[in-house]
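*Asks:* One-letter residues, chain by chain:
2 protein chains.
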Amino acid sequence: MKGNNTKPPSGTRDFLPQDVKSRDRVFSTIKEVFENYGFLPMDTPSFERIETLNEKYGEDGDKLMFKILRRGEQALSGETDLALRYDLTIPFVRFVAEYQDKLPKIFRRYQIGPVWRADRPGKARFREFYQCDIDVVDSASPLADAEVILALTEALSRLNLKEFTVQLNSRKVLGGLLEIYDVPTALRKGVLVTIDKLDKIGVKGVKNELLERSVPEKIVEQIVKGIESPVSDIIKRVEKSETGRIGLSEMWNVLNLVDPLLKIGKIEFSPFLVRGLDYYTGPIFEIFVPGAQSAVAGGGRYDNLIGSFTGKQIPACGGSLGVERILALLSNGEPPTISTQVFVTVWDKSFEGDALEIASELRSKDISTEVYVGGSKKLSNQLRLASERSALYCIIYGPDEKGKKEVGIKNLATSEQTRLPKDQLLSTLLGLLGK
Amino acid sequence: MKGNNTKPPSGTRDFLPQDVKSRDRVFSTIKEVFENYGFLPMDTPSFERIETLNEKYGEDGDKLMFKILRRGEQALSGETDLALRYDLTIPFVRFVAEYQDKLPKIFRRYQIGPVWRADRPGKARFREFYQCDIDVVDSASPLADAEVILALTEALSRLNLKEFTVQLNSRKVLGGLLEIYDVPTALRKGVLVTIDKLDKIGVKGVKNELLERSVPEKIVEQIVKGIESPVSDIIKRVEKSETGRIGLSEMWNVLNLVDPLLKIGKIEFSPFLVRGLDYYTGPIFEIFVPGAQSAVAGGGRYDNLIGSFTGKQIPACGGSLGVERILALLSNGEPPTISTQVFVTVWDKSFEGDALEIASELRSKDISTEVYVGGSKKLSNQLRLASERSALYCIIYGPDEKGKKEVGIKNLATSEQTRLPKDQLLSTLLGLLGK
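First to last, the protein sequences are chains A and B.
So in the working numbering, spot 219 of the first sequence is number 219, and the numbers just go up one at a time.
So in the working numbering, spot 392 of the second sequence is number 392, and the numbers just go up one at a time.
Some clues are possibly wrong.
Under the rule of at most 27 Å between Cα atoms (straight-line distance), these lysine-lysine pairs were calculated in the DSSO-like manner [said to hold, decoys possible]:
(1) B:LYS263 <-> A:LYS422
(2) A:LYS31 <-> A:LYS7
(3) A:LYS365 <-> B:LYS162
(4) A:LYS105 <-> B:LYS7
(5) B:LYS365 <-> A:LYS21
(6) B:LYS349 <-> B:LYS405
(7) B:LYS378 <-> A:LYS105
(8) A:LYS404 <-> A:LYS378
(9) A:LYS349 <-> B:LYS263
(10) A:LYS405 <-> B:LYS162
(11) A:LYS422 <-> A:LYS377
(12) B:LYS312 <-> A:LYS377
(13) B:LYS207 <-> B:LYS189
(14) A:LYS105 <-> B:LYS349
(15) A:LYS56 <-> B:LYS7
(16) B:LYS312 <-> A:LYS7
(17) A:LYS435 <-> B:LYS365
(18) B:LYS63 <-> A:LYS7
(19) B:LYS102 <-> A:LYS377
(20) B:LYS263 <-> A:LYS378
(21) A:LYS263 <-> B:LYS365
(22) B:LYS225 <-> B:LYS204
These aren't lab readings, by the way, just hints derived from the structure by calculation.
In this text the structure is predicted, and so the values were computed from the model without any measurement.
Chain A on its own, in the form it takes in the complex:
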């Protein structure tokens, strides 16, 4: 089996110890902020029944799902019955439908976990990636939207990404615009899909794709003109539509709540912001930080989605942080240090038990300790390995030390070596390590 491909599958990654530490540090900061905002953790399985996920994400979603073959004899049929979750929102909505009676009222949840999309792999774009989601269920108030945006921006601030811009819109503003531009109803979904690509393909790209979608040239000209006009002009146009006015009002409500609380970052109305997914109904937002081409966070209100599972309309809104993009931005920072504090050398085979016993005593007080398990008897080899580990202290315990009921400690930074009574080892190390 020599010559196997040992790389991770296309679009996925392995994580070396340093990578896991960096990621965990980001997760724990985010978790801390979410809990400060009263969000509670919950979790769902990695896969769902296909019918739970199908037709929830729009044009692309269904194509990009990882589908799982039936098991046992049914595998032969080539049929699939499960799919890896594509986001954390749809599984959460199923969860809310299932546990309605067990959940706290006006439930605030958070969830941190991987999702899977068979997208074309790219820079900081992976097929397995982490989302950190928060949602508020059963609140139609703009306060809920504001709390979601504030929690996400606070998390970014604590991660030292303070110069964020929140771009805010409402799906109803977009609805009003399409109405005013006279876009035929049948084309509206497609037009939004295209406008959503604005930051990727630019104004020209949008123009061409709209024409390809058979949107009448006059309308395309108007949309392009709109995209390039000052926001104040757009507001005047949107106000001419009833839907547009509702959209503007809910957008201003959220903006006026969030704006006074932002310190370095800012929030602004962005009338052509779409958010890809189909299920949004009200205010939507994306958060950008300097240095990242695409949004590091986004979300919005989805007042009809829970109803599609339960038959009972329950308003909800939420948002999501993209950890990979954040990690890519933080990667210049100081990596977290990882090191064993104490390294116990092993004199020879007859001292293995003694080495374990010394380690056991130190570990009982949470001193992280490694016993040498390699094949070399030479002390110099063992000390070299300890140095490579960035261990702080080495323990030396051989026949001479044992006879005198002593133990040797070597400080690996200074190379200073001392001996002390064995029964003082633990207290001495606790002192040296400031524990």
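Given the coordinates of chain A, work out where chain B should sit on it, guided by the hints.
*Replies:* Frame of chain A, contents of chain B only:
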């Protein structure tokens, strides 16, 4: 879409907030112990190329894998190219092969994550479940096996599962036994698969299954007699085989290192312990605790596995804790408390911004704070929700308080309500919460 099935897929679970908290508490205890033992975190994707996993787990493994359909146009072929990981060992071995030059020497890793097996669901047996693995690479020393067992038992102890029994064997002891019982080489793998089921199907079940496998009756009688004999008799028999003697010696080496360090728990030789997976070569173990029918942990030495990927023989050993079984045992304990500390009521729409501002101040000092986002203006309704949340304090801030630059605090346990200058709110709450 009303009437959708909202349950999680068969064999999987959803986690309510309390469940996630319990699980996280177990994870963080385990992580702490593993780091005390000098193990470093690493991670791999949830799925692997099918050829990485195939033929590594023995008879059952290949059947129980969740396989993923190819994407795009290739989906039509019904072919699969990826599979969800079945354990954390094989992906780790691929990882070691790939990053040999980047990893610390004598690498100690830990990994905590879900694995997937399409097993028949049962009590505390799921199709998606968590494993907590540790492994030591590039050490042939029994010290490495001992460190693995000690770290796992220490984790169990810290989780208050102190009365564990480690059952220890060596694959070479089993090899010696099969030699002595004269089991034909072609039948040996199958015989081990059957003996592995001893704790599930009992001695009679083993006997019948061996006969079904066409093992000669005389041999079956000997195996059954062996299972029922005292360990001292088995040792005498095993010693007659060269392989058996090597196995006994490596088993004793590990047992004699671990035994003196166990306090309440114990370790014992268990000559018919098999461990299901194909890849073990030396010492193997399983850990049992009272109240659980099957093992809560297990592992062993797999000296040939890394070589099968790299062509270069690298000895290794490891072990795994099963979180689900541990959680089932702990479920009688006190559930962790989760509550928002402070609940900010909202007087009316014009006070929404003030409520957010108060919350923002408290959150900046890590006081977990929720702002009321529900639809009721009635203070009594808002206070009731705060009580349901087990919040400790409620903040009341209306026109009267605002006029006097004051703020109201209600202690929800005592119903005591006081007013204080608004600029003393943060320091007062920090004091009350002992922060």
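*Asks:* Now tell me if each hint is right for this structure.
*Replies:* Status of each hint after checking the structure:
1. B:LYS263 <-> A:LYS422: holds (21 Å)
2. A:LYS31 <-> A:LYS7: Violated, because 31 Å separates the two Cα atoms, which is more than 27 Å.
3. A:LYS365 <-> B:LYS162: Given pair LYS365 (chain A), LYS162 (chain B) holds - Cα atoms ~18 Å apart, limit 27 Å.
4. A:LYS105 <-> B:LYS7: holds (20 Å)
5. B:LYS365 <-> A:LYS21: Satisfied, since the Cα-Cα distance of roughly 25 Å is no more than 27 Å.
6. B:LYS349 <-> B:LYS405: At roughly 19 Å apart (the allowed maximum being 27 Å), LYS405 (chain B) and LYS349 (chain B) satisfy the hint.
7. B:LYS378 <-> A:LYS105: With Cα atoms ~16 Å apart, LYS378 (chain B) and LYS105 (chain A) stay inside 27 Å; holds.
8. A:LYS404 <-> A:LYS378: With a Cα-Cα distance of about 22 Å, the restraint between LYS404 (chain A) and LYS378 (chain A) holds, given a limit of 27 Å.
9. A:LYS349 <-> B:LYS263: Given that 27 Å is the threshold and the Cα spacing comes to 23 Å, the pair holds.
10. A:LYS405 <-> B:LYS162: violated (31 Å)
11. A:LYS422 <-> A:LYS377: holds (22 Å)
12. B:LYS312 <-> A:LYS377: Since the Cα atoms of LYS312 (chain B) and LYS377 (chain A) sit roughly 23 Å apart, the hinted pair holds (cutoff 27 Å).
13. B:LYS207 <-> B:LYS189: At roughly 16 Å apart (the allowed maximum being 27 Å), LYS189 (chain B) and LYS207 (chain B) satisfy the hint.
14. A:LYS105 <-> B:LYS349: Satisfied, since the Cα-Cα distance of roughly 21 Å is no more than 27 Å.
15. A:LYS56 <-> B:LYS7: holds (18 Å)
16. B:LYS312 <-> A:LYS7: Between LYS312 (chain B) and LYS7 (chain A) the Cα gap is close to 17 Å, so the pair holds against 27 Å.
17. A:LYS435 <-> B:LYS365: Judged against 27 Å, a Cα distance of about 26 Å means the pair holds.
18. B:LYS63 <-> A:LYS7: holds (24 Å)
19. B:LYS102 <-> A:LYS377: holds (25 Å)
20. B:LYS263 <-> A:LYS378: Distance of about 32 Å is beyond 27 Å: violated.
21. A:LYS263 <-> B:LYS365: holds (16 Å)
22. B:LYS225 <-> B:LYS204: OK: LYS225 (chain B) and LYS204 (chain B) at ~11 Å, within 27 Å.
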